[in-house]
Structures are given as structure tokens and as C-alpha cells.
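Chemist: In case you want the letters, here they are:
2 protein chains.
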Amino acid sequence: KITELVAGHFTKNKPLKGKKVVVTAGPTRERIDPVRFLTNFSSGKMGYAMAQAAAELGADTTLISGPVSLAVPSGVKRIQVESAQQMLEAVLGEYDNADLVVKTAAVADYRPAAIAGQKVKKKEGNSVLELERTTDILQQLGQLKSHQILIGFAAETDHVAQYAKAKLERKNADYIIANDVSADQAGFDHDTNAVTVYGRGEFEKSFPVMPKKELALELLTLITDKEFAK
Amino acid sequence: KITELVAGHFTKNKPLKGKKVVVTAGPTRERIDPVRFLTNFSSGKMGYAMAQAAAELGADTTLISGPVSLAVPSGVKRIQVESAQQMLEAVLGEYDNADLVVKTAAVADYRPAAIAGQKVKKKEGNSVLELERTTDILQQLGQLKSHQILIGFAAETDHVAQYAKAKLERKNADYIIANDVSADQAGFDHDTNAVTVYGRGEFEKSFPVMPKKELALELLTLITDKEFAK
Numbered sequence: 001k002i003t004e005l006v007a008g009h010f011t012k013n014k015p016l017k018g019k020k021v022v023v024t025a026g027p028t029r030e031r032i033d034p035v036r037f038l039t040n041f042s043s044g045k046m047g048y049a050m051a052q053a054a055a056e057l058g059a060d061t062t063l064i065s066g067p068v069s070l071a072v073p074s075g076v077k078r079i080q081v082e083s084a085q086q087m088l089e090a091v092l093g094e095y096d097n098a099d100l101v102v103k104t105a106a107v108a109d110y111r112p113a114a115i116a117g118q119k120v121k122k123k124e125g126n127s128v129l130e131l132e133r134t135t136d137i138l139q140q141l142g143q144l145k146s147h148q149i150l151i152g153f154a155a156e157t158d159h160v161a162q163y164a165k166a167k168l169e170r171k172n173a174d175y176i177i178a179n180d181v182s183a184d185q186a187g188f189d190h191d192t193n194a195v196t197v198y199g200r201g202e203f204e205k206s207f208p209v210m211p212k213k214e215l216a217l218e219l220l221t222l223i224t225d226k227e228f229a230k
Numbered sequence: 231k232i233t234e235l236v237a238g239h240f241t242k243n244k245p246l247k248g249k250k251v252v253v254t255a256g257p258t259r260e261r262i263d264p265v266r267f268l269t270n271f272s273s274g275k276m277g278y279a280m281a282q283a284a285a286e287l288g289a290d291t292t293l294i295s296g297p298v299s300l301a302v303p304s305g306v307k308r309i310q311v312e313s314a315q316q317m318l319e320a321v322l323g324e325y326d327n328a329d330l331v332v333k334t335a336a337v338a339d340y341r342p343a344a345i346a347g348q349k350v351k352k353k354e355g356n357s358v359l360e361l362e363r364t365t366d367i368l369q370q371l372g373q374l375k376s377h378q379i380l381i382g383f384a385a386e387t388d389h390v391a392q393y394a395k396a397k398l399e400r401k402n403a404d405y406i407i408a409n410d411v412s413a414d415q416a417g418f419d420h421d422t423n424a425v426t427v428y429g430r431g432e433f434e435k436s437f438p439v440m441p442k443k444e445l446a447l448e449l450l451t452l453i454t455d456k457e458f459a460k
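Line by line, the protein sequences give chains A and H.
If you're matching positions, the first sequence starts at 1 in the working numbering and goes up one per residue.
If you're matching positions, the second sequence starts at 231 in the working numbering and goes up one per residue.
Keep in mind the hints are simulated off the structure, nothing from the lab.
Beta carbons are placed, not taken as given, at the ideal position from N, Cα and C, and that holds for glycine.
Hints may contain errors.
Straight-line alpha carbon distances no greater than 25 Å define the calculated BS3-like cross-link-like pairs of lysine-lysine that follow [to be verified]:
| id | chain 1 | residue 1 | chain 2 | residue 2 |
| --- | --- | --- | --- | --- |
| 1 | A | Lys165 | H | Lys351 |
| 2 | H | Lys351 | H | Lys247 |
| 3 | H | Lys395 | A | Lys123 |
Chain A is faced by these chain H residues, among others (derived, beta-carbon under 8 Å) [what the hints assert, rightly or not]:
| id | residue |
| --- | --- |
| 4 | Phe271 |
| 5 | Ser273 |
| 6 | Ala336 |
| 7 | Lys349 |
| 8 | Glu386 |
| 9 | Asp388 |
| 10 | Phe437 |
Pair ranges (Cβ atoms, derived) [claimed, not checked]:
| id | chain 1 | residue 1 | chain 2 | residue 2 | range |
| --- | --- | --- | --- | --- | --- |
| 11 | H | Gln348 | A | Ser146 | 33 to 41 Å |
| 12 | H | Asn243 | A | Gly117 | 21 to 29 Å |
| 13 | H | Asn402 | A | Lys165 | 25 to 33 Å |
| 14 | A | Ala229 | H | Lys307 | 53 to 61 Å |
| 15 | H | Glu360 | A | Ala161 | 25 to 33 Å |
| 16 | H | Asn402 | A | Gly93 | 49 to 57 Å |
| 17 | A | Glu124 | H | Lys244 | 39 to 47 Å |
| 18 | H | Glu362 | A | Ala113 | 18 to 26 Å |
| 19 | H | Ala346 | A | Ala183 | 14 to 22 Å |
| 20 | H | Ala391 | A | Glu124 | 23 to 31 Å |
| 21 | H | Pro441 | A | Ser206 | 47 to 55 Å |
Start from the sequences and build out the full structure, keeping to the hints where you can.
Modeler: The following block contains the structure:
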């Protein structure tokens, strides 16, 4: 298959050798009290596949991961975090030296406005949970961007293309990889995914359903070719 | 060791042969929208250990489990659920024929008052999440109790004994197994646990820190001896 020939060619040639790639993966957990938390569906599989592909392409690869039950890919340095705030701090700590940042993590948009130190006892009747916004990591990285190539993901259930293109502009990202998480064989917890890549200058390319590991290699090969090939 | 001799004796004699044991385990997930949810810390390890022990003691064992990454113990029938409501319905479906019900699951006390069908877009500023109470499964089982022996767990961070004894009365349970989840080597995600059992008639017995599988066998052996031995 052409895919394998291309991937094999690039893997052999290590086109990301000398580049530093930072990948974020998994969900974050936002604690309400010592036993309860808010979180997102995310198995971390796409992010771990992206980190593995980056390492195979020769990059110095750091994976910043929320809580998932996946093994660290060979040749990848992993930093484990729990909350959106911890993920932000870990990414900022790696950002200056990064050449390519791939933000696959499903970071919580909101966290409880206060974290209770003791388990909150339930009461009769309804309740409300006061929420505050977490820092938008992709937006922060977009604002601080100097030489870095910035790749975001967009997991949407509707208006996928429209949201992805708007996100590309608004976040000052270089690519947005969009998937419709309500589609079959795509998104959370599946081993396969189908995505469309949107880039600067109306760039757009769709990939059919394929295993996440293969897709990760194709995506990084595409972006490496466009950004780093001379 | 005496523990092993006792366990070995009971395992060989299958003292729960002919009895039906229902164990609930793991957390529940309460969806906010297709990507976000509320949940509790719970690895499911204590519940899976209780189900395994029940099967080893000869019981016809059903394990009703929230989302965890654990294998089904040998000889155990597993029913997988996601939400508190699904867990309630599954337990009620098994309750009439049950002799012993062990409620280890960390069921959410609250769920979002409404579940959004599409991913909710984040907005500027703070937000509130409207919550409603889920049905208290242990209380429901206590009210419907005829011949069943009902065992609840209490994961507390403070006033452990006081809360456990009050829970025993209030829920019409036969035993409450209490652990202090803020203690070292106990509670969530640990392979060990330290508990105190509270029962009807001021019964109280503490177990030191030990592996959850060993503790499960000791707990079930104790209760079997008190309830079913002639």
C-alpha cells in the first residue's frame, strides 16, 4: 500500500529528527471534593498514537497526559497531570523549545469554582454546582506562538467544518484536525478515527476511517512535509 | 496463617452454595452532554474482589458494574451499566431472588437536571450546572427488603464511625463496611484497604490493612458465618 510505503520512507528517513514535538492527550479531571469530579470522555488513544508517530519519525517527543490507562509509547517522555491547570502549566513549561505542538487532550472547559476539602454530604432536593472557566490552552499557545507549529483537535457533534475553521482563526492555530464524535467508528474509545484537517490558506484534506496509529502517522507525515521539508 | 486456613476451609466447603449474591461495583457516569460527565473516584477493585470471593464461596454471583477497566472474575456474571439510574434498574431486576446484596459501587448522588443532546459550547465567564438527586439505591433496597441481607459501604473522609452507624439505621441495612478514604493504603485505586464493619445490635469489627482480595474473603466469611451458618 502507498500509505505504508510513504510511512516507511519517512520513518526510515526520520524527517522529524532534531525537532521537538509536544503532544497533549487524555481527559482532565476537575475535582468537586475528594470523591467527585467533572471530566470528559477521552481514552487518550489518538494522542498516544500521535506521540508514538512523532517518535517514530525521529522527534524528541514529550507526551503530557491526563489520567488514562495506556502504556507510554517507546521513546516518548511522559508527564502525567490531572487537572486543566496542571496541563496548562506542563505545556507552558515545554513550549519555548517546541517545534510542533499537538493538542489532542480533551481539557475541561469548566472547573468547580471551589474544591471542597472534605466529602460534601448529599442533601434533599436539587443543587447547583458553581463553575468557572479554565484557561483555554490552545488559545494561550496561539497568543504566545513564535516559531511553533500549533495543531489543535476539534471533537464536535454538529457543524463540524464550520466550528473547525472558526477555531483555526480564533486560536491562531496552524492546523485543526476535526472529527465528528457522533459518527460511527470515530472518536472516543474507538481504535479507528476519521478526520478532516483544516490549515492556513483554506487548506483542507479528509482522511477516511482508519486505525488511529496509521492515521497519526499519515497526519504527521502530511504536516511534516508541508512545514519542515526543504 | 489462620486467615488462609479459615478461608481455605470455607472455600472448600462452599458455604454460600445455593445462595444468590449480587455485588455492585465501580463509579457511575452522569452525562452533562455527549462529551462531558460527572463521576466519582472508584477503581471497582473492592467490588470485583467481593464478587470473586462470593463465587469462591460457592454463591451464584452477579456483578453489576459501572465503567472500570477490570476483568470479570471467574464464575461471575457481569452486567455493565453507566448511570446511577441504570444501576438502580439492574439491581432491582436482581433483588427479589438475591440472598445477599453487597453495594460497593460509588454511585453518583447527583446528576445534571438536563442532558444536552449536542456538545454545549463554552461561553465567557462563570456558569452553573443544575443538579438533581439520583435515587438512593441502598435506601431503596432497605425499604424493599424482605429476606435479603443488605451490605453497604461508606467511603468517608471524616467522622467515619458516626456516619457509618447512622447510615446503618437510616438505610435499614444489615452491615455497613466503612473505610476512611483519606487514610494511607486504603480506598480508591489502592490494592489494599482497611475497614471497620458495623452491624445490627452494635456489632463492630475492624480489619487491618490487607489486600482487597483477602479482605473480601474475610468479610464475606464473617457475614456468612453470622447469617447463614446453622
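Chemist: Please list, smallest to largest, the hint numbers that this structure does not respect.
Modeler: Numbers 2, 5, 10, 12, 13 - these are the hints that the structure violates, sorted from lowest upward.
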